[in-house]
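Colleague: Sequence:
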Amino acid sequence: MHPAGMHRLEHPKHARLLTQIRERCRKLCVWSESSFPGSQPVSLSKSNLSEILRNLYVACEKTDGVRYMLYAATGSDGRGHVYLLDRSEEVMQCSVTLPTRDRSTGGQLPTADDGRPLKTHHDTLLDGELVEDVAKPSNGGGSADRRLRFLIYDAIAINGVSVVKENLLERLKKALVEVVEPRRQWMVQNEAPNEPFEIFLKDFFEIWHIPTIMGFSSKLPHESDGIIFTPVKVPYIPGTCRQLLKWKPPHLNTVDFRIEVIYNGKEPAYVKLYVAKHGVNVPYGWLAPVGDMYHELMAKARKADELNPSGQIWECFRREDVKTFLPIDLDKYTAQGEWVEGGWIVQRLRDDKLTANDVKTVNKVEQSITDCITYEELCRVFQDYRDQGKKQVAELTHTWSPH
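Residue 1 is where the sequence shown starts when you use the UniProt record's numbering, and the numbers rise one by one after that.
No false leads were slipped in.
Label pairs and their in silico Cβ distance ranges: (1) Ser76 <-> Asp387: 52 to 62 Å; (2) Ala112 <-> Ser47: 52 to 62 Å; (3) Asp145 <-> Pro235: 33 to 43 Å; (4) Lys300 <-> Ser34: 24 to 34 Å.
These are computed hints drawn from the structure, not numbers from a lab.
A virtual CB, placed ideally from N, CA and C, is assigned to each residue, including glycine.
Let the sequences and hints guide you as you build the complete structure.
Modeller: Written out as structure tokens, the structure reads:
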């Protein structure tokens, strides 16, 4: 599940370089595991909704893009290099320019005769997502304008200086002042050279402005499927961050399962679902045999020239108006079993992920589905919060403010 246009990015060929990038990103995030170090949200439920009311939070739209960390470094050749690190720690090199200001010249952007900046970012790590913005022609004719954009929603280090312990607004401010604005200035000076993607800072709002967020989300040139609530005074936390909360409309709550296809001879019969527990895949349940995506994926599983899909990660959503078959034998095909109400339906293949959701994450999603916090309920709770005289985040942090 990668945006179109990714073909313009390259995979570094040197194994040592790949290892160095992965290890450096983990170290900057203060992450000791051998896995993707990015901060991961948990689902909003009635049990953690009070977190948002007790502490300072800002909100932003949840973009249905692809998660990446962006790492910039200056090589021994003096040139800047930019890399993207995805959830599976696959690394891609990008021909993207990240100039940095020269403090000794009053913040100017010194450039070579060919327009290349003489100073570029070194040891800068940003968190964000890559989206494909599609702008349809206003007259209804012609082809749509498609552009890749990297949306920054957090910063870990700027030019070798860690910012993980600073509050969110300070981290965002540094990303804006040190990354976005110098790049914008350089793009203007060089008449917007053609690069694989553009870079923007994501828009953040006060929590009671969620009607504004939902309003403009429907007009954005990319898909949006909910709201992220980010704590302001919490440092950047790698891995699962229980204070970082995501809300989706109840019908859009999903889980990423590792799947195993159980065959009846050469015919795919059932799909077994697995979640992660202490780094090990453990059985969780069975997939409901319904939906266009289910039939499409099972049709591929029937073809002799197609790889067995077992081991893939499938994103699934829960519905109660379907039935799921529970075979009595968990390891091999049997026609014996029972049909039960409700089930998980596959929504899409997650080829950008190698691991299933942890069982704790799945339990939180299940709780979120059970709680069924609606958009209307969120609006009411946050408006009541504001009516009680709660001050804006900007008034309490005395720093750069969200919208």
